[in-house]
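**Q** Sequence:
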Amino acid sequence: MEEILTQLSTNRQIILAGDFNVSFNTLDVNTSKLCDLLASFGLERTIFEPTRGDSCLDNVFLSSAMELCGSQVCDIGISDHKGQLVKFLGCETTGFTQNKKMYRPVTQRGLFMLHSRLSEISWDFITVDSTSGEQKFSHFMDILQEAYTYSFPKKTYVVRSDQGNNISWFNTELRAMREHLRFLRELKGQYGFVSDQYYKNYKNLYRNKIRKAKINANDNLVKSSSNPAKTIWDIINKKRGKSNKCPGSSDLSPDDFNNFFCNIAGNIVNHIPDVHLDPVNNIDFLVPPPLFSFSEVTFNEVRDVIDNLKNKNSKDIFGFNLKIVKCIKNIILIPLTRLINICLRENIFPTVLKRASVTPIFKNGNVDSPENYRPISLLPVISKIFEKCMALRLVTFFEENELFSQYQFGFRQGKSTVMGVLNLISSIIDAFHGGGYNTVLFCDLSKAFDCVSHDILLKKLLAYNFSYDSIKLIESYLSNRTQVVRCDGVTSAERSVNIGVPQGSILGQILFLIYINDLPLNNNIANFTLFADDTTVSHTANSFERSMAQSLAAQDEAELWFCSNKLLLNKDKTKRMVFSMRSLPGDSDLVGEAKFLGVTLDPRLQWGLHIDSVAGKATKGIYVLRSLSSCVSVEILRMAYFAICHSHISYAILAWGHSSGIHRLFALQRRAVRVVSRLGYRDDCRDTFVKLGILTVPCLYIFENLLFVKRNSNYVTHGDVHEHNTRHKNNLVPPYWRLRRCQDGPGYWAVKFFIVLPDGLKSLPFKDFKGQIKKILINNSFYTFEEFLRHKF
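Oh and the sequence shown: position 334 is 334 in this note's numbering, straight run, nothing missing.
Hints are computed from structural coordinates only; laboratory data are not their basis. Among the clues, some could well be false.
What the hints assert, rightly or not - Restricting the straight-line Cα-Cα distance to at most 30 Å, the calculated cross-link-like pairs of lysine-lysine (DSS-like) are:
hint : residue 1 : residue 2
1    : K573      : K595
2    : K447      : K571
3    : K573      : K223
As the list claims (entries may be wrong) - If you anchor each label on the Cβ, the simulated ranges turn out as follows:
hint : residue 1 : residue 2 : range
4    : K154      : T351      : 50 to 58 Å
5    : S467      : N780      : 56 to 64 Å
6    : D284      : D444      : 24 to 32 Å
7    : K154      : N372      : 50 to 58 Å
8    : N498      : N313      : 28 to 36 Å
9    : S647      : E787      : 45 to 53 Å
10   : D142      : N300      : 34 to 42 Å
11   : E67       : Q406      : 44 to 52 Å
Ideal placement from N, C-alpha and C gives every residue a C-beta, glycine not left out.
Go ahead and model the full structure; you've got the sequences and the hints to work with.
**A** Structure follows, in structure tokens:
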């Protein structure tokens, strides 16, 4: 079947139907293999009901471009198998619309003019004592915007709805070949002067030339792009027809969106019950931290902040983006640094920088319901520079004085979502080892960032020993903010935002961490894992009843804390799940799966559900790679593979990489690599992994485990256990787990892999160790863990 599907053009729409003789509603290995294969060719399953007895043996698969209207199973009375009725509209249409838009293109000539115009500006107004920092900053932004408007004049352009990147690939040679092919067709059809074989050969030559022209054009587009990753995603999204635009016209105006976005947080807070609990009571120290105040910035610091901010093409409310700011960095560095220091001395955050431009992005559902849109907020670029300088000081103060909760893994250097997942899994494995029950509450907070109370936040800063001036500056940063909504070239009226921390900001993330930092202090009967507003509360006990009782008590304590801090726990989306190797009593309140930080968990950490999720993403990625293979080179395909396949397969592999499902994902990875390198579906691809510089799935797991050991120094060696002078006394001792399921978690196999390394490699500094290990794994392309353990280094 794979060979047949490979021969078909990726542009063809396929319907595949029949009695497949596998049970689709089970976790059978053959079912998974079949569904993975079909999904990698863009074929989606439509039947989920039983078709013979209790089993679903018959199915209909449609190409993803076909719009499904409905499917059902019906008894037709002529067989012991039921019939399947599938209704669909057909394939996606190729029609298009044309729209006129106004914009200011950022050109090299414009950048030169902007640089030249700002070079002539006198910044003496900054040193005038009679004006405030607020006025000076406003004047500074007026100068920048006037220079921007002059340098980048407005232009009108026409956009076709079906037009992606403007790629010119149809050259003079192809045009001549097309005319010659038409001429040959006429000679063959009317006069018979041309043989069928000659005509077919020339036609195939023409098609190959077109394919090469498209590949060269797309490759040149990616290589010349200032943001190659984004350009690749543009090509990918065009191939799979993905768009963030709503599927139909909406009657919502920009003002409708803005009213909804500005009122939603207030409506949530108004429904939170009042509780008699001081939100600052938990913040208490045996040794109070030193007094915090914002120090002034230096020219070098501001320059480094600008350089380290990520390049983005999206423009703020003034029309600027980071690309433009970096081009004029040397001109505005001195005046901007002086202005920031003036604001720090006067404890004000300029009002001109507190204006946000919001773009509503459609998610799904009814296009006329504003709750079905995600607001993407763009803050002024200059504001982010100022914010970054403030955030660096806040983070340094909290980290140096160890004020951040040990359970908080969000927006902190050296912390990540993966570390948050491992922290939760470690507590679950401890419960497995002790034969107990670990009950986890996965909390869902409604619009947490938007509901932050400014008064409570400022009180907490005071409890952390912030100076009066620093609190006044942060109060200025939070207050009197406004936003507009822009969509389809129309801008709403400006509205005030008086609650929450700014979305899309740098400083707002750190302020939210401080706001929620004392949550674990309120509860001494549970363990926490926090990643910003993603919160889990867990408790382990020897009996199911005790674990549940403690979890309910912990939930009450957490909910009381949320209410006192004006945050709403969304009970409809909050889940409770019990993890244990013992049998669980039936309980309607318990769920059989939960997703936390992108990882799907099941009660026994068997990882089948997570493997299904990753496999689904990988097969879609393989289908996209097949579509791309006709229009980009192997080099660009490799880059696309890392974006749409490798990233999903490698994410948090340290947690689940020793499960049996890893073989399924490794098979999908090999299929993806064959597509990238244009190999046959049965060709060996071990050497291709080496050639492309891609780690196999087993190597990915080994690599992450070895880095895990290198980062963590709290392992016991044989020399710590006994005093005998043996040759292995410096080897690490794997942690003892009585269950194999516990051994599959993080830590055990990490030591097993680390032990086989030579001593010289073990002792390398982390950066060198990482590079050497990756080189060894790529060059050897291990297909199993046993191959690595037997390898002679």
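**Q** Now tell me if each hint is right for this structure.
**A** Evaluated hints:
no.: 1; hint: K573 with K595; in the structure: holds (11 Å)
no.: 2; hint: K447 with K571; in the structure: holds (13 Å)
no.: 3; hint: K573 with K223; in the structure: violated (44 Å)
no.: 4; hint: K154 with T351: 50 to 58 Å; in the structure: violated (27 Å)
no.: 5; hint: S467 with N780: 56 to 64 Å; in the structure: holds (57 Å)
no.: 6; hint: D284 with D444: 24 to 32 Å; in the structure: holds (29 Å)
no.: 7; hint: K154 with N372: 50 to 58 Å; in the structure: violated (32 Å)
no.: 8; hint: N498 with N313: 28 to 36 Å; in the structure: holds (31 Å)
no.: 9; hint: S647 with E787: 45 to 53 Å; in the structure: violated (25 Å)
no.: 10; hint: D142 with N300: 34 to 42 Å; in the structure: violated (27 Å)
no.: 11; hint: E67 with Q406: 44 to 52 Å; in the structure: holds (50 Å)
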